[in-house]
Amino acid sequence: MNFGVDKDSSLIDTSVLPNDIFTRVDDDFFSIVKALAGDSVFNILRIHLINSARKLLSTPDVFAFFQIESEETDKIKAESYFKSKTGQHFVKPGIQTSLSYLIKLLNQKLKEELTLNENNETRDTFISNEFIDKHPLLKSLIRWYQQNDSENNNKANRYTESIKKFAICLYIFGGKQCYEFVRLNMPGSIPHLSTLGDLINISNMTLTEAEFKFDSLQKFQSGFGFCSEDTTGVIPKVEYDSSTNSFIGFTTPIVDGIPLTKHYQADTFDDFKIIYSTNKTAPLLNVHMFQSISTEDDPTNFPKPVLLSAYGVDNKFTAMDILRRWMYIFERCLDKDVRIIGFSTAKFYLYNVPLKCILIVNRCR
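So for the sequence shown, the working numbering puts the first residue at 1; every next one is plus one.
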């Protein structure tokens, strides 16, 4: 029986159907049938055991049971059709129209879902320009691949300065495993570890334990800044620094408040055993930072902080050690035409007397 489901369905409003209509069965499905098509259609579908939308759309003729003589269907027949004097059966127009409307709704809903699924597959397959514009990093990465994905490109695997800086930052903040994870999953996007090591060496970014990098302060235009000192817990570990031929990770000796550099050097394995057995590994890392202040020409531009020095400690030094160390930093910074206008620390054992002393020294200069 043809219910005209192939006709124009632009006027069909599928919003009356729930989004999960094709997953509903039994009472959940029949409740929708009752609401949209009435009790008569509900009774017809129930006696057919058509308990879901997909079963209904797969049934060629819902009224085929009229041709069956059975006591079980007599009551529904009497409610659903007219019997002519010639013995012919005619479905009541209201029931036929209700069922036709329900089937049209379901067919239209099915078409909409298929179209939506196709659009989702297309969207998952292709990246739109709008999406790329919202993600600058992804846009830069795609542009880089486009520029380097060419056999005739003689600049393949040559990295810009921004990529080199990003690679160094990724390695410093994320560590070796994080860096390798990104590099292996995004082939060619960042340099190999060996290349990265060369970049760090030539960029003068290497830091020797307990060495103060006062030369790095000359790049600041204001000539004024603050210094800070604090410690953080680390996992004790001893490593060999090939650039200085010394071992790092032990507690750094402090002389007059100043840490000694390259103290743990060994030429033989026996020397190293003596060092390892007579010295403790450092449970803490002492860090010195410098923050330059902005200039009058550009007061809103704050320069990035600089790591002055870092070394392993066990926190066994006094407030006078800190005062002497700060005086040393203050003097060396003056040699580089940089004036320290304030120190800060979170160490609880630094009392007011040393603080007053350092303030007096600053004022006198």
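Any given hint could turn out to be false.
What the hints assert, rightly or not - Straight-line Cα separation of at most 25 Å, SDA-like style, residue types lysine to any residue; simulated pairs:
id, residue 1, residue 2
1, 280, 299
2, 213, 104
3, 336, 284
4, 280, 330
5, 92, 111
6, 316, 302
7, 139, 113
8, 104, 46
9, 316, 181
10, 104, 81
Rather than coming from a laboratory, the hints here were simulated on the basis of the structure.
Next item on the list: Would you list, in rising numerical order, the hints stated earlier that this structure does not obey?
Entry: 1, 2, 3, 4, 5, 6, 7, 9
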